[in-house]
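Chains A and B are the protein sequences, given in the same order.
To convert, note that position 75 of the first sequence is 75 in this note's numbering; the numbers rise steadily by one, no gaps.
To convert, note that position 136 of the second sequence is 136 in this note's numbering; the numbers rise steadily by one, no gaps.
Keep in mind that the hints are not guaranteed to be accurate.
[Claimed, not checked] List of simulated lysine-lysine pairs, DSBU-like, C-alpha gap at most 30 Å:
1) K110(A) - K187(A)
2) K31(A) - K187(A)
3) K178(B) - K131(A)
4) K110(A) - K178(B)
5) K18(A) - K72(A)
6) K224(A) - K10(A)
7) K72(A) - K103(B)
8) K224(A) - K31(A)
9) K10(A) - K188(A)
10) K133(B) - K282(B)
11) K30(A) - K187(A)
12) K110(A) - K31(A)
13) K131(A) - K179(B)
14) K57(A) - K72(A)
15) K188(A) - K31(A)
16) K103(B) - K18(A)
17) K10(A) - K187(A)
18) K57(A) - K18(A)
19) K10(A) - K57(A)
20) K116(A) - K179(B)
21) K131(A) - K110(A)
22) K178(B) - K116(A)
23) K224(A) - K30(A)
24) K110(A) - K179(B)
25) K103(B) - K57(A)
26) K131(B) - K282(B)
27) K188(A) - K131(A)
Hints in this document: simulated from the structure, not taken from any laboratory.
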Amino acid sequence: MNAETVLELKNVNACYGKIQVLYNINMTIKKGELICLLGGNASGKSTTLKTILGIVKPSEGAVFLNGENINKRPTDYIIRNGVSIVPENRRIFPRMTVLENLEIGAMHRKDRGQVKQDIESMFELFPILEKRINRQGMVLSGGEQQMLAMARALLSNPAVLLMDEPSMGLSPALVDQQFELIENINKKGTTILMVEQNATMALSIADRGYVLQTGEIVLSDDAKALLDHPGMQKAYLGGEL
Amino acid sequence: MEDIFGQLSQQAINGITIGGVYALIAIGYTMVYGVLSMLNFAHGELYMMGGFTGWWVLQFFSSKHQPVMNAAILISLMILAAMAVSAILGLVIERVAYRPLRKAPRMNLLLSSLGVSIFIQNFILYTQGAKVKVFQVSNLIPEGLRTFHVGDTVISFMRIFVIGVCFVLMLLLTFVIKKTNIGKSIRATAQDIEAAAFMGIDTDRIIVIVFLIGSALGGAAGILVSLLFTQVDYYVGFQAGLKGFTAAVLGGIGSIPGAMAGGLLLGLCEAMAVTFFPSAYKDVVAFIILIAVLIFRPQGLMGEKIREKV
Ligand SMILES: Nc1ncnc2c1ncn2[C@@H]1O[C@H](COP(=O)(O)OP(=O)(O)OP(=O)(O)O)[C@@H](O)[C@H]1O
Ligand SMILES: [Mg+2]
Numbered sequence: 001m002n003a004e005t006v007l008e009l010k011n012v013n014a015c016y017g018k019i020q021v022l023y024n025i026n027m028t029i030k031k032g033e034l035i036c037l038l039g040g041n042a043s044g045k046s047t048t049l050k051t052i053l054g055i056v057k058p059s060e061g062a063v064f065l066n067g068e069n070i071n072k073r074p075t076d077y078i079i080r081n082g083v084s085i086v087p088e089n090r091r092i093f094p095r096m097t098v099l100e101n102l103e104i105g106a107m108h109r110k111d112r113g114q115v116k117q118d119i120e121s122m123f124e125l126f127p128i129l130e131k132r133i134n135r136q137g138m139v140l141s142g143g144e145q146q147m148l149a150m151a152r153a154l155l156s157n158p159a160v161l162l163m164d165e166p167s168m169g170l171s172p173a174l175v176d177q178q179f180e181l182i183e184n185i186n187k188k189g190t191t192i193l194m195v196e197q198n199a200t201m202a203l204s205i206a207d208r209g210y211v212l213q214t215g216e217i218v219l220s221d222d223a224k225a226l227l228d229h230p231g232m233q234k235a236y237l238g239g240e241l
Numbered sequence: 001m002e003d004i005f006g007q008l009s010q011q012a013i014n015g016i017t018i019g020g021v022y023a024l025i026a027i028g029y030t031m032v033y034g035v036l037s038m039l040n041f042a043h044g045e046l047y048m049m050g051g052f053t054g055w056w057v058l059q060f061f062s063s064k065h066q067p068v069m070n071a072a073i074l075i076s077l078m079i080l081a082a083m084a085v086s087a088i089l090g091l092v093i094e095r096v097a098y099r100p101l102r103k104a105p106r107m108n109l110l111l112s113s114l115g116v117s118i119f120i121q122n123f124i125l126y127t128q129g130a131k132v133k134v135f136q137v138s139n140l141i142p143e144g145l146r147t148f149h150v151g152d153t154v155i156s157f158m159r160i161f162v163i164g165v166c167f168v169l170m171l172l173l174t175f176v177i178k179k180t181n182i183g184k185s186i187r188a189t190a191q192d193i194e195a196a197a198f199m200g201i202d203t204d205r206i207i208v209i210v211f212l213i214g215s216a217l218g219g220a221a222g223i224l225v226s227l228l229f230t231q232v233d234y235y236v237g238f239q240a241g242l243k244g245f246t247a248a249v250l251g252g253i254g255s256i257p258g259a260m261a262g263g264l265l266l267g268l269c270e271a272m273a274v275t276f277f278p279s280a281y282k283d284v285v286a287f288i289i290l291i292a293v294l295i296f297r298p299q300g301l302m303g304e305k306i307r308e309k310v
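Isolated chain B (complex conformation):
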C-alpha cells in the first residue's frame, strides 16, 4: 500500500514536470489557432529547434565534452538562445508559408504547415545527422544539489528547475495576456479579428506577435526537455507536437488557460498510467484522451461551444 503512495507521489512530480512542458507547447498551438483558425503542424519542429539550439550553445561553451562556464549562466544562455532561435524561425515560417495564404482555405494552410514541418525535420537530419545529441550536463549541477528527498520521493534538481521555468513562463504570459495592451489586443484579435481592426488594432502585427510568443515558448519547452532527458534528435518534434496538440484540444483549442490546464492534466494522466500499466502504454494515453475529447467534448475543458464569427 505504502509502496503505491510512494509511487504515486513520484509519478505526480513526473507528471507535473512533463505536463508543464506540454502546456508550453499547447500554448503555441492554441494562440495560433486563436488568431488564424489554423493548426500549425510545424510547431513541433520549433520545439525540436529549441533543443538543438541549446545543444549548439552547450557545444560552443564546452571543451572535451565538458562545459567551461558557470552553470547558471550557461543554462540561462541555452534557454534564451533556444527561445530566440525558435521565435525567429516562427516568424520566418509565418511570413513565408502562412501569410501568403491568409485568405486561402484553412486546408491549404494546414498542408503548408505540414510541408514546413517535413522540410525542417529533414533539413536538421541532413545537416546534423540522425544520431542522438547528448547533453553532457550532469557535472553542471553541484554534487549536493542533484537530488532532493521528500519523504520517499526523490526529485532531481533538473525536474524542479523545469517545473519552475514552466510556471514562471506561464505566469508571465498570463500577466501579459490579462493586463497589457498587447495582451488585450491578442485576445481581441482572437475573438473577432474584424472588430479588432475597427478598434485600430494592427491585426497583422498581432499575428506576428502571437507567432513570436508561441514559438519562443515552444523553443523553451524543447530545451527544457532536452536538459531533463539530456538528449535531443531531429525527430523529437513529432511526438512533442502531438502531445502539445492533444493538450490544446483537451483544454479547448483557442483558450490559453485551457492549454495550460490541458498540458498539466495530460502530463499527470500519462504519469499515473505508468503507475498501473507497462510504461510502453504511456503514449497511448494521449491518443485515448484525444479521441475521447473529440467525441464527447469537442470544445475541450475551457473552450467555447461554437465559434461564432458573424
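Chain A on its own, in the form it takes in the complex:
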C-alpha cells in the first residue's frame, strides 16, 4: 500500500441545518483504486459525495484532496483540482444538447484547446453519444443519459470520479454493461468512488468498500472480505450489525 492518497476524509461530520447526517467519517482513497460506498436508504451516501465536492461543508473534520485541505474551497475549485461526479439520477440538463451537456463538464478547464479532442475521445468510448450529438438531453434513453453523465464527468479530467448509484433505473442487461464500463474506466487509470445499493455487483468489481449506516461507517474492508462478511446481508435487509 504505497500508492499515493488522492482523497481523504478525516473525522468528517456534516449537517443539513441543525440535523446531523454524517458522524465521524474516515475514508482514504488511493490512486487507481475503485472503492465502493454501500449503505441503505438515507444512510448518508449522497451526502458524503456532496461533502467531498464542497456542496455540503463539513461541520467538523476535513476533506483532503491530494493532501490539501479543501474544506473552504468552492466546488469549481475542487472540480478543477480533480473531483467530478455522476450524480444520482444522472441529472442531465434536459433542454441542452448532448454536446452542450458535455461542454458544461469541461467548463472549468484551463486547457481549452484540448477540450475538443477530449470530446472526440468520449465519442470513441460512447459512440451512441456522437449519433445523438444535437439531441436534447430529455429525449435520451436512461442508458444514453447514464453514458452522457459519465462522459460529462470525465471531461473535467478528474483524479477521482464520484458516482452516485450508477446502476439505478437501468434495465438488468444495462446494469451488467454499466459495471463492466466502470471497471474499464478504472482500469484505464481513473480512480473511482462509487455509491451503490447493488452491493454484490459493486463489490465484485471494487477493490475495497465502506458501509454506511445512519451516517456512520460501520464496516470497511477489502471487497472480497466484505462480500463474505456475515453482517453484510443482514445490514442490507436493514438490520443492525
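Add chain B with the ligands to chain A, keeping to what the hints say.
Just chain B with the ligands now, with coordinates in the frame of chain A:
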C-alpha cells in the same frame, strides 16, 4: 381598401416597436422565473427607473430645457445610465428582498416583490412628484432625419431607433446565452439548479447575473419608451410590468426565445386591434391574451409542458 393596407403597415411598424420593448421587459420576468421560480413583480419599477434615469441625465445636460450636447452621445449616455441604474437597483432588490427568502415558499417571495414595487413607486412619487416628466428631445434629431416615408407609411426616426436598439440587445443576449460559459451556466441553473451546483456552477452568482441582465434590459426598455413618447411618470411601471408579464406568459415563462416572440406578438396584436377597434380597447387585448393563454395553453408558445424538478 388601400386605406386599410396603409393603416395595417403603419400599425405593423408600431406593433414591432412596442413589441420589441415588451420583449425586453418579458426577458427579465422569464429569466428570473427560470432560476428562482418566482414572479418578480418589482420588475416594472426597474423599467420606470430606466425612464427616470434617462430623464435625469437629460436634465443634467440641458440648459433652459434644451440639450447642450451631441445628440448621439447624449442618447447613448441616457440609455447606458438607465441600464446601469436599473441593473444596480435589481441587484439591491435581489440581495435585500429575495435572497433572505430563498428557501421560503414562493408566495413569500411574490409578496416581497409586490412590497418592493409599492415602495419604489411611492419613493419616486414622494421625491419626484406625480407630474409627468417631459423629454425635450424633439430638437435632438436633425430636421431631415425626423421622419421617413416608405410608400404611404410614415416612420419616425425614434421608432427605427427603438426597434434597432431592441433587436441589437436581443441578438446580444441570444449570443451570450447560447455561446458563452456564463450563458450556458444560466441555462443549466434554470433547468436544474442542483445539477448545476454539482457541475461547479456558482448558482448564487448566476442568480445575481440573471438579475443584472434582466434589470438592465428592463431599464433599457424604460428609457426607449420614454424617448419614443417623450415622457415618463412614477406610475408607468405598472402597465409596462403587466404587458411584459403577459408577453412572458404568452411565450412560455422560463423561455428566453419565448419572451422575445411573446413580446413581439403581443405588440403586433395590440397594434392590429387598434386598426379595427377604438384605441381605448388596446390594453384590453393584453388581458384577453393573458387569460386565453392561461386557459388554453398555460405552457405558452415555447415553454415546456410540465416543469420536472426531480
Ligand atoms: N438537502 C437536504 N436537506 C435536508 N436533509 C437532507 C437533504 N438531503 C438529504 N437529507 C437527509 O440526509 C439524510 C441522508 O441523505 P442522503 O441523501 O445522503 O442519503 P443516501 O444514503 O444517499 O440515500 P439514498 O439511498 O436514498 O440515495 C437523509 O435523512 C435525508 O433525508
Ligand atoms: Mg443518495
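Going through the hints against the structure:
1. Proximity of K110(A) to K187(A) is assessed by CA-CA distance (about 26 Å); at most 30 Å being required, the pair is judged to hold.
2. The hinted pair formed by K31(A) and K187(A) meets the criterion: a straight-line CA distance of about 11 Å does not exceed 30 Å.
3. At most 30 Å may separate the alpha-carbon atoms for a hinted pair to count; K178(B) and K131(A) meet this at roughly 21 Å.
4. Distance hint between K110(A) and K178(B) is fulfilled; the C-alpha atoms sit about 21 Å from each other, no more than 30 Å.
5. Distance hint between K18(A) and K72(A) is fulfilled; the C-alpha atoms sit about 20 Å from each other, no more than 30 Å.
6. Distance check on the hinted pair: K224(A) and K10(A) sit about 25 Å apart at the alpha-carbon level, within 30 Å; holds.
7. About 23 Å separates the Cα atoms of K72(A) and K103(B), which keeps this hinted pair within 30 Å; it holds.
8. For the hint pairing K224(A) with K31(A), the CA-to-CA distance comes to about 20 Å; that is within 30 Å, so the pair holds.
9. Proposed proximity of K10(A) and K188(A) is supported: the alpha carbons are some 28 Å apart, at most 30 Å.
10. For the proposed pair K133(B) and K282(B), the alpha carbon gap of about 24 Å is at most 30 Å, so the pair holds.
11. Between K30(A) and K187(A), the direct Cα distance comes to roughly 14 Å. Compliance with the 30 Å bound is thereby established for this hinted pair.
12. Proximity of K110(A) to K31(A) is assessed by CA-CA distance (about 23 Å); at most 30 Å being required, the pair is judged to hold.
13. At most 30 Å may separate the alpha-carbon atoms for a hinted pair to count; K131(A) and K179(B) meet this at roughly 22 Å.
14. Distance restraint check for K57(A) and K72(A): the Cα-Cα separation of roughly 8 Å lies within the 30 Å cut-off, and the hinted pair is therefore satisfied.
15. A C-alpha spacing of about 12 Å is found between K188(A) and K31(A), which places the hinted pair at or below 30 Å, so the restraint holds.
16. With a CA separation close to 15 Å, the supplied pair K103(B) and K18(A) stays within the 30 Å bound.
17. Simply put, K10(A) and K187(A) have alpha-carbon atoms about 27 Å apart, close enough for the 30 Å limit, and the pair holds.
18. Under the criterion of a C-alpha separation no larger than 30 Å, the hint pairing K57(A) with K18(A) is consistent with the structure, at around 13 Å.
19. With a CA separation close to 13 Å, the supplied pair K10(A) and K57(A) stays within the 30 Å bound.
20. Proposed proximity of K116(A) and K179(B) is supported: the alpha carbons are some 15 Å apart, at most 30 Å.
21. With a C-alpha separation of about 28 Å, the suggested pairing of K131(A) with K110(A) holds against the 30 Å cut-off.
22. With a CA separation close to 18 Å, the supplied pair K178(B) and K116(A) stays within the 30 Å bound.
23. For the suggested pair K224(A) and K30(A), the alpha carbons sit about 18 Å apart, so the restraint of at most 30 Å is met.
24. Taking the CA atoms of K110(A) and K179(B), the gap is near 18 Å; set against the 30 Å cutoff, the hint holds.
25. Between the alpha carbons of K103(B) and K57(A) the distance comes to roughly 18 Å, so the proposed pair stays at or under 30 Å and holds.
26. A hinted pair counts as satisfied when its Cα atoms are at most 30 Å apart, and K131(B) with K282(B) qualifies at roughly 24 Å.
27. In summary, the hint linking K188(A) to K131(A) is supported, as the alpha carbons are separated by about 24 Å, within the 30 Å threshold.
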